[in-house]
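A.B. asks: Here is what each chain is made of, one letter per residue.
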Amino acid sequence: MDRIFAGIDSGTWTTKAVVIDDEANLLGSLVERTAADLAGAATRAFEGALQAAGIEREACGAVWATGFGRANIPFADGTRTELDCHARGVHHHVKGAVTIVDIGGQDAKVIRLDDRGRRLSHKMNRKCAAGTGSFLEEMALRLGVPIEGFHDLAAGFTEELELGSFCTVFTGTEVLTSIRQGKNPADLARASYRSIVRRVLEMDVFEGAVVATGGVVAHHPVVVEMMEEAFGGTVVVPPHPQEVGAFGAALACLHEIGSVRKGDAP
Amino acid sequence: MKRRVLESTASLKETMVGYYLELGQAAATKSAPVAWCTSTGPVEILRALGYRVHFPENHSSMMGAARTANDYMTKAHARGYSQDICSYLTADIGAWLAGETPFSAFGIDEVPKPDVLVFNTNQCRDVRDWYEFYGRTWDVPVIGVESLHMIETVTDVQVDAIASQMEDLVPTLEEIAGTKLTDDRFGEILDLSKECVDLWKACMAMAASRPAPLTFFDGTIHMGPVVTMRGMPAANEYYRLFLAELQQRVDDGVAAVEGERFRLYWDGMPVWGKLRELSELFAELATTVVASTYCNSWIFDALDRADPFRSMARASLELFIVRSDTPKESYVEQMVREFSVDGIVFHDSRTCPNNSNCRYGMPERLRDQLDIPVITIEGDQIDLRCYSSEQTRTSLEGFIEQLEERGRTAESAGG
Amino acid sequence: MSESNRVVAAADVGTECVKAVVMEEGVGIRGRAIVPTSGYFQHRIEEALDQALDEAGITRDDLTALTATGFAAECVPDAVSIAGETACHAAGAWHHLQQAMSIIDIGGSDPKVVRIDDDGRILDTKLVRRCAIGIGTFLMFTARHLDVHPTKLQELAAEADNPAPIGSYCSVFSEVEILEQLRDGARREDIAFGTMRSVAERIYEIGGLREPVVVTGGVAEYFPGVLKSISDLTGFAVEAVPEPIMTGALGAALKIL
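Residue numbers (numbering that gives the first Met the number 0), protein chains in the order written: chain W, 0 to 265; chain G, 0 to 414; chain P, 0 to 256.
It is worth saying that the hints were derived from the structure and are not from the lab.
We put the CB at the ideal spot given by N, CA and C, even for glycine.
Some hints here could point you the wrong way.
[Stated by the list, open to error] Residues of chain W placed beyond 10 Å of chain G at every Cβ, according to the derived structure:
1. Leu26
2. Ala58
3. Leu82
4. Gly143
5. Leu200
6. Ala217
7. Met225
8. Glu227
[Said to hold, decoys possible] Derived CB-CB ranges, DEER-like:
9. W/Glu206 <-> G/Ala65: 42 to 50 Å
10. W/Gly207 <-> G/Glu403: 23 to 31 Å
11. W/Glu206 <-> G/Gln246: 26 to 34 Å
12. G/Ala65 <-> W/Gly181: 51 to 59 Å
13. P/Asp231 <-> G/Asp183: 53 to 61 Å
14. G/Arg239 <-> W/Gly95: 54 to 62 Å
15. G/His148 <-> W/Gly181: 20 to 28 Å
16. G/Glu403 <-> W/Glu46: 27 to 35 Å
17. G/Asp367 <-> W/Glu255: 54 to 62 Å
18. P/Asp117 <-> G/Gly49: 41 to 49 Å
19. P/Asp117 <-> G/Glu131: 33 to 41 Å
20. P/Ala157 <-> G/Val16: 50 to 58 Å
21. W/Pro238 <-> G/Arg364: 36 to 44 Å
22. W/Glu255 <-> P/Asp231: 50 to 58 Å
[What the hints assert, rightly or not] So, partial list: chain W residues that the calculated Cβ filter (under 8 Å) puts toward chain G:
23. Arg79
24. Thr80
25. Asp83
26. Arg115
27. His121
28. Arg125
29. Glu136
30. Leu140
31. Thr176
32. Arg179
33. Lys182
34. Arg197
35. Phe230
This is chain W alone, in the form it adopts within the complex (with noise of 0.2 Å):
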């Protein structure tokens, strides 16, 4: 029988599972929201992935865990870093040397691999421009539509409006004087996009193939969109971009232990 695997990734907003098999083929995933209490968030999420896919608990043979509460999954056989199993995830999908921008709930990253999929440096953003997928929930709740109504709603700019990307404090007050002048919402849910692709653009130099994961890119594609036009090429996305830390901690667990019971099985 197939031996299964899984992968947690708890983040600062929502919990993410995936179930893989041996031959890294993604049989179920869940996303949670994370809230206060990340083991509980973990263990829903794990649940429902296993449900998603069909399969037992006593079945998976190994969780390995990764994200902001790595630490505090208490079921998580092991842990890597969000930096290591993006990287991984990513080079699952996509072979050769790549960029990797992840957009978070709280922060944003740029993980750059060789053509063999190695890690050749990482940047977090400075702590100043932190806050990158709460900041679009802030802006949601400015511009009084919900969150998931917020990217129909920047579709429908009429204007391109500037937005600074120095502190999500300070845009935020400047969101409130746009409003206050009367500004369009579309345009001003427009703008805070860009103010998020902009943190991003300031962070490195991107060069080559760039690829995002994270859920921001998950639930909010104009942002690739406005990468590419930035960055004069493709941003590829792979499969289920919100899942792939958890994906990655999945492989991780697949290539450290799965490998080596396979090496000591009869």
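Fit chains G and P to the given chain W structure using the hints.
C.D. replies: Positioned in the frame of chain W, the structure of chains G and P alone reads:
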């Protein structure tokens, strides 16, 4: 995998407490003149004139290590000293406003009041602003040396410019001390000071051994005497003992970090309030931080009794902090080779721009020139509001994973 | 209502709430309303004014004049004047206490310290540093992370044993600190209190406080823990004015009454 504690630490404490008590007593009983001096300032002149010397930077780093600094800074901010300027300054002034000092642990209830404050702006302008506050508060003279910066190669003209400023300090310092500077005494102090920095340099060089017998974090603790006691025989006694212990560790193959796999260079200030956390994190990762710009900043090779003022001036201009990026980069390159370094950590210290060498593209240049992984972490020397444990941990763990992969591929390529 | 009395209304349009008062000459406040700010200010302003007029039992036509203050004062239609926030808070606080004092105005954003003399004239004004502008909003976000209604954050904080160290001067940094505290098992009560203490520190750092110290604005209304912490830091008695959240609107109304 764990950190090993150095046995000399007990003697270190004794040595430092001895120094603090002598200083505290001089201030309390007026038995000797008291000067405040910047940590890379002209301390040898002061000692030769019989001053007991207090180093406010040391005082602030103690508050940082005790994690009390942030309690005090707000008081200085409320007086108009910004959150963006040196946190050593804001913590120290804040503590004074609060009427508290970490010296109370040694029974010294107030910071030793100076008869004169002596700066060298080779570090930054903030040291002078810091001293001016106390100069105004106590109506005490603030004198010193205005340094040169961004030096490519140290020239005689530059040395003269600094040496003459140092000589100009003497009449004022003599008058306050009520004594004359003699060649003999000055020469003796310079000899002691030179021996001290040579011993310190030898201690730091021990970490070139594999495995390293000490870490950067040990260095930040054991540097107390070389920062505050140059020119005092007790400092040299201590470093002879410390050096012997390190040599013994090297001879016995004892590692500071068990199972040392990776060796890093640290550029920038320590994060005083997180020394333990970071040192434990690196130990967990079986990684030794073997060398640093910071600990090496108290090596003054040029000191020479034959030409006291000019040699002091030269030593202060040869310091890393006053150099342009080209000599800085050559220095780091040399360290990377001598200490067999696998990666470089840059600490971007929010309120200490002059010790944050990552802000003008140096990490990227070194990465490309030396083919070495680099990482920058954000923080501050003592203002913990600027430091995120979470972000730092993830970034450093991720960095070590990157070194692992690099090592693995190198192995498979080699085998 | 006597025919001869002037009746005025004022709207204080802040970043978190729109406050409206209806005042009658010689009588005082007759109606008031607080509406959370969201989306377009104009809509919330209409709601707030309508509610306050309803409470007063009058209509728009009965008003002698309407004035506006606050972040989005210019969004108030038909306002005869726009009054500066600082002046309105000073006027509102002086109306209650009629003495020289330091006023701390803490609303959704831009907290400030205003000192006035015995006659209510402004001596000086100091703003919080730019990184800490979003203090009131930060408390709202904390409530969200702790999963309580903002007005319940104070109750939570009252149960704190060991306030969590939330130290950042920047509300973005602090939000991450809160998440880390939660992850590392800190009690919600302690985080709630720690957050309030952190706000108090930012206020204290503005400097320039002299006794007596009073507090105006929405934070004083909903998060009195902040006042206690400011008092602990300064050693001064720190009291809220009556109905602190209405101070700006009250001051604005007084100016045209």
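A.B. asks: Indicate, hint by hint, whether the structure satisfies it.
C.D. replies: Outcome of the hint check:
1. Remark: the non-interface label on W/Leu26 is consistent with the geometry, its nearest Cβ contact in chain G lying 26 Å away (cut-off 10 Å).
2. With a least CB separation of 29 Å from chain G, W/Ala58 remains clear of the 10 Å interface cut-off, as annotated.
3. With a closest Cβ-Cβ approach of about 3 Å to chain G, W/Leu82 is found to fall inside the 10 Å limit, against its non-interface label.
4. With a cut of 10 Å on Cβ distances, W/Gly143 stays outside the contact zone with chain G, its closest approach being about 32 Å.
5. With 10 Å as the threshold on Cβ separation, the claim that W/Leu200 sits away from chain G holds: the shortest Cβ distance comes to roughly 16 Å.
6. Every CB of chain G lies more than 10 Å from the CB of W/Ala217, the least distance being 21 Å, so the non-interface label holds.
7. Distance check on W/Met225: its Cβ is at least 25 Å (rounded) from any Cβ of chain G, clearing the 10 Å threshold; non-interface status holds.
8. Separation of W/Glu227 from chain G is adequate, the least Cβ-Cβ distance of about 25 Å exceeding the 10 Å criterion.
9. Remark: the range hint 42 to 50 Å for W/Glu206 to G/Ala65 is upheld by a beta-carbon distance near 46 Å.
10. Between W/Gly207 and G/Glu403 the beta carbon distance is about 24 Å. The supplied range of 23 to 31 Å therefore holds.
11. Taking 26 to 34 Å as the suggested C-beta distance range, the pair W/Glu206 and G/Gln246 does not conform, at roughly 49 Å.
12. Restraint check, G/Ala65 to W/Gly181: a C-beta distance of roughly 53 Å satisfies the suggested window 51 to 59 Å.
13. Against the hinted window of 53 to 61 Å, the Cβ-Cβ separation of P/Asp231 and G/Asp183 comes to about 57 Å, which satisfies the hint.
14. In this structure the supplied range 54 to 62 Å holds for G/Arg239 paired with W/Gly95, their Cβ-Cβ distance being about 57 Å.
15. As the Cβ distance of G/His148 to W/Gly181 is approximately 50 Å, the hint placing it in 20 to 28 Å is violated.
16. A C-beta distance of roughly 32 Å is found between G/Glu403 and W/Glu46, which places it inside the suggested range of 27 to 35 Å.
17. With their beta carbons about 31 Å apart, G/Asp367 and W/Glu255 fall outside the hinted range of 54 to 62 Å.
18. Look at P/Asp117 against G/Gly49: about 56 Å separates their beta carbons, and that is not inside 41 to 49 Å.
19. Checked against the given bound of 33 to 41 Å, the beta carbons of P/Asp117 and G/Glu131, roughly 36 Å apart, stay inside it.
20. Taken as a hint, the range 50 to 58 Å is violated for the pair P/Ala157 and G/Val16, whose Cβ atoms sit roughly 44 Å apart.
21. Between W/Pro238 and G/Arg364 the beta carbon distance is about 38 Å. The supplied range of 36 to 44 Å therefore holds.
22. At roughly 51 Å, the beta-carbon separation of W/Glu255 and P/Asp231 lies within the given 50 to 58 Å, and the hint holds.
23. Interface restraint check for W/Arg79: the shortest CB-CB distance to chain G comes to about 7 Å, inside 8 Å, so the restraint holds.
24. For the restraint placing W/Thr80 at the interface with chain G, the shortest Cβ-Cβ distance is roughly 4 Å, inside the 8 Å limit, so the hint holds.
25. Taking 8 Å as the C-beta contact cut-off toward chain G, the hint placing W/Asp83 at the interface holds, the least distance being around 5 Å.
26. Nearest Cβ of chain G to the Cβ of W/Arg115: about 7 Å, under the 8 Å cut. The hint holds.
27. The beta carbon of W/His121 comes within 6 Å of a beta carbon in chain G, closer than 8 Å, and the hint placing it at the interface holds.
28. At about 7 Å, the closest approach between the beta carbon of W/Arg125 and any beta carbon in chain G falls short of 8 Å, and the interface hint on this residue holds.
29. For W/Glu136, the interface hint is violated, since its Cβ never comes within 8 Å of a Cβ in chain G; the closest pair sits about 20 Å apart.
30. Proximity of W/Leu140 to chain G is violated relative to the hint, the smallest CB-CB distance being about 24 Å (cut-off 8 Å).
31. Taking 8 Å as the C-beta contact cut-off toward chain G, the hint placing W/Thr176 at the interface is violated, the least distance being around 24 Å.
32. Interface hint at W/Arg179: violated, since its Cβ lies 28 Å from the closest Cβ of chain G, which is beyond the 8 Å cut-off.
33. Given hint, W/Lys182 at the interface with chain G, is violated; its Cβ is 32 Å from that chain's nearest Cβ, farther than 8 Å.
34. This hint is violated: W/Arg197 has a C-beta 19 Å from the nearest C-beta of chain G, more than the 8 Å allowed.
35. Residue-level restraint check for W/Phe230 is violated (minimum Cβ-Cβ distance to chain G is 19 Å; threshold 8 Å).
Hint violations for this structure: numbers 3, 11, 15, 17, 18, 20, 29, 30, 31, 32, 33, 34, 35, all remaining hints satisfied.
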